[in-house]
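Asks: Please build the complete structure, drawing on both the sequences and the hints.
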Amino acid sequence: MALSPTEEQVATQPRVIMEAGVDPLWRMAAYVSLGGAALWTFLLFRWMTFSSFGWTPLGAELALTNWPPVLPYVIYSGLLAADLVVGIGLLWRMKWARVVGLATAVFAILLAFTYFALLREFWGATAILALSLFKVLLLTRQVGWSLAYPAAFWLGIFFITPMIIVFIVSLGERSRLGTVNYPPFELDNIGIYFNDYVRFFSRVSGEFIYLRIFARSVWIAILNTLLCLLVGYPFAYWIARQPKQYRGMLIFLVMIPFWTNFLVRTYAWILILRDSGPINNFWSITLHQQALLLADNSAFFTWLAEATSRKLPLLFNQPAVMMGLFYGFLPFMILPLYSNLEQLDWNLLEAAADLGANARQSFMRILLPLSMPGIVAGSVIVFIPSLGAYVTPDLMGGAKVSLLGNLLQQQFMTVRNWPFGSAIGFIMMAIMLAATLVYFRTLAKNQQMM
Amino acid sequence: MKSKFAILLLVMAVLLLVACGGGPGGGPGSESGGPTADTDSDAAPQLASELSVYNWADYIDEDLLTQYEEEYGVKIIYDTFASNEDLLAKLQAGATGYDVIVPSDYMVAQMIELGLLAEIDPNVIPNFANIDEDFKNAPFDPGNKHCLPYQWGTTGIAYRAGHPYFEENPPDSWAYLFDPELLAEYSSGGINVLNDQRELIAAALFYLGYSPNSTDRTQLEEARDLIVRAKPYWKTFNSEDYDDSLLIADEVVLSQSWSGDAANAYWSTYSDETGDGNWYYAIPQEGAVKWMDNICITASSSKRDTALHFINYLLDAENGAAITNFTYYASPNEAAKAYIEPDILSDPGIYPPPEVEAKLQWLIELGEGLFVWDEMWTAIKGQ
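In the order they appear, the protein sequences are chains A and B. Take 1 as the starting number for the first sequence in my numbering and just add one per residue. Take 1001 as the starting number for the second sequence in my numbering and just add one per residue.
Hints were generated in silico from the structure; no laboratory data involved. Do not rely on the hints blindly, as some may be mistaken.
[What the hints assert, rightly or not] Have a look at the derived ranges for each label pair, beta carbon to beta carbon:
id, chain 1, residue 1, chain 2, residue 2, range
1, B, Gly1094, A, Arg310, 56 to 62 Å
2, B, Glu1334, A, Ile285, 36 to 42 Å
3, A, Phe107, B, Gly1094, 44 to 50 Å
4, A, Asn189, B, Pro1354, 53 to 59 Å
5, A, Thr126, B, Val1124, 38 to 44 Å
6, B, Glu1273, A, Pro162, 58 to 64 Å
7, B, Val1124, A, Val74, 37 to 43 Å
8, A, Leu433, B, Thr1080, 34 to 40 Å
9, A, Asn281, B, Glu1334, 29 to 35 Å
10, A, Trp219, B, Glu1222, 28 to 34 Å
[To be verified] To give an idea of the interface, some chain B residues facing chain A are shown, with a C-beta separation under 10 Å as derived from the structure:
id, residue
11, Glu1050
12, Ala1184
13, Asp1196
14, Glu1251
15, Glu1286
16, Gly1367
17, Lys1381
From the three backbone atoms N, C-alpha and C, an ideal C-beta is built for every residue, glycine too.
Replies: If you want it as structure tokens, here you go:
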């Protein structure tokens, strides 16, 4: 305990400043460090007891077997020691803890990148990177960024990074074997990077194949949106006008189909609509027999007997695709419309009626403008996935006709033209972005009006 | 103050001791069951605890897998794909963890070129001797350096027995799939074609009298136009579950079909009363595609010995016969013939007679020509 007085003084100085307690950001950093330490302890424990417990190896652990078995010990225990020291140091308000914490965090970030570069193991690298970046932000007291960090990191890793990768791939060209080649960079020839974008909008063997698929997809998406709106609006309106105790129940009923996977529900529709399904059986067996019995009585039954002798073409055509899309996306229209209509002040409608407006006028001038945000939200939510629909046209349309989603799947899976597929993906994304912008614009305008 | 620091140091020291004291005994790779197990093959091989098998849908009697699991204590992780292109796309996207895969002929060539298949020595597999000499040393994999034959078959036409039109005109030509005049007679009953770029365009090329591996643009455009003209008469493009969901369910009356799927439809609808099934299979007179699927080990697999052991198990005479008795595809396994049901051996749709076999052709890797095929396929699907 023979400390020199100067050291003693230096060490006690920050304690005076922070007597009220540890800085909340630093405390958070301490908890993150200790959490990290717990993680490394767990991994270390797994690594040490691999032979006796027979763990199912994680991706990171498989990757680490490429290195001599001592190295993982060094990495795990190094990270563990650093996290433990920093965590406890911060909680004990040690002056050096912040500097050491920053240094180890920066070192761990470098380690994460090296690790990924050497072993190509994504999850381990991401875990180290996520924890270390958070610590850096906390220790440098970036309050705003620290609060936004979990969401921002998630978006960065799982949205922005993949998007950048997709964009880079879309600039390349497909090799004979289906791998991606990038043309050598030349300034005056920069256009070749965008060949795939040009191809989408140009003639291929005399036809605008891709534009045709594109137009068809947009048309079907618009049609589906209108159909959902036409049916969903009165429905949502009706629910919103029910007594309060029933509304929750009704909305609950709308959501029940989501309990079953969409694919399973689509297959159920196939079973219902196919030639040997219940509808066609009723039509061509039950109805047909009755009509035959009565055929002599009137011209109508003669006609019916003739009509029912053929199966109804219910499946594997365009209307079937429309049906499947409409069925799948109707709840997405009803829910935003309902949440919008539910909050409406119905007194306004009464006031309009009092002032002499008829039903049509009060709908056009009161209800419709007020429910516009719900209409736009529902339309956007229905339009965007309808545009990329892939399963429905494949299963209910008999895979005969491509929509954008199928074209995209085909480029990646069958043709393995990743650059062109990525380009199509990017073009679709641009359209959806435009649709979303329209949504926010309308919303903003509406709020200004109110 | 100092004491706290001392405690920290102590904790660190203990941790380091623990870490070093563990020694190199740990780590998933060091045990025999670990993923990098490497043992010499002449001794009883030490098998890994798991093996991932990626096969076509409905392409094995799954009892064989259970039996293998019980006998050798290796857990089989079984997964299925629907087309060669799906398989390749998945492997190229970086999917690791598959040990044994079953690609077809032309895809084997492509995968070898891409370095996706592990090189093996077929002679370390005792049951390799069971394979018919005709199927060894195939052009897409000389010397069986990567793959061993699994099953083979043909692509022809399956049609509904008892359909009034087919009673008088049994479909023996690709015209029944492509000629609008013929199609108008029976297309109301439904027609399916394979949702497979290579197979469908190859059928059109056969009908037009060209090679199924043509890369000539005018020939392919002719094939495309033929398909586009016939397409309005077709009900579905399905190559995944058409035998069960379309043929057996009577949703169609005629379908482009792989031989085994047609046989499956026949035997699934077979009734002892009539002594017949509902679906017949014909190999068109213009010629048809002959294909062979092959068992290979992925280059990324770390369990080659276990994989080889499993392949040897599949090539066993009785097991090979069990696969054929289940899938109705022909087996390249000569020794298995003793155990294959006689009905299957005598079925000309499954084991075509020599004069028919002479008209069969392999699909081969297209090289740069693939781009033209892709363009035609997009045009067909985009109409």
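Asks: For the hint 29 to 35 Å, verify it against the beta carbon of A:Asn281 and that of B:Glu1334.
Replies: At roughly 48 Å between Cβ atoms, B:Glu1334 and A:Asn281 fall outside 29 to 35 Å, so the hint is violated.
Asks: Can the hint on B:Gly1367 be confirmed by a CB-to-CB distance to chain A that is less than 10 Å?
Replies: 6 Å, holds
Asks: Evaluate the given range 53 to 59 Å for the C-beta pair formed by A:Asn189 and B:Pro1354.
Replies: Cβ of A:Asn189 to Cβ of B:Pro1354: about 57 Å, so the range 53 to 59 Å holds.
Asks: Would the hint on B:Lys1381 stand, with a C-beta cut-off of 10 Å toward chain A?
Replies: 4 Å, holds
Asks: If you check the beta carbons of A:Thr126 and B:Val1124, does the distance land in 38 to 44 Å?
Replies: 40 Å, holds
Asks: 56 to 62 Å was suggested as the range; check whether the CB atoms of B:Gly1094 and A:Arg310 agree with it.
Replies: 50 Å, violated
Asks: Holds or violated: the hint that B:Ala1184 contacts chain A, with Cβ atoms closer than 10 Å.
Replies: Violated, because the Cβ-Cβ distance from B:Ala1184 to chain A comes to roughly 15 Å (cut-off 10 Å).
Asks: Are A:Leu433 and B:Thr1080 spaced within 34 to 40 Å by their CB atoms?
Replies: 37 Å, holds
Asks: Any CB of chain A closer than 10 Å to the CB of B:Glu1286?
Replies: 24 Å, violated
Asks: Tell me if the beta carbons of B:Glu1273 and A:Pro162 are separated by a distance inside 58 to 64 Å.
Replies: Hint holds: Cβ distance 59 Å, inside 58 to 64 Å.
Asks: Please verify that hint: B:Glu1050, Cβ, nearest Cβ of chain A, below 10 Å or not.
Replies: Nearest chain A Cβ about 9 Å off; hint holds.
Asks: Let's test the interface hint: is any C-beta of chain A closer than 10 Å to that of B:Asp1196?
Replies: Where the cut-off is 10 Å and the nearest Cβ of chain A is about 9 Å from B:Asp1196, the hint holds.
In this structure, the hints that do not hold are numbers 1, 2, 3, 9, 12, 15, in rising order.
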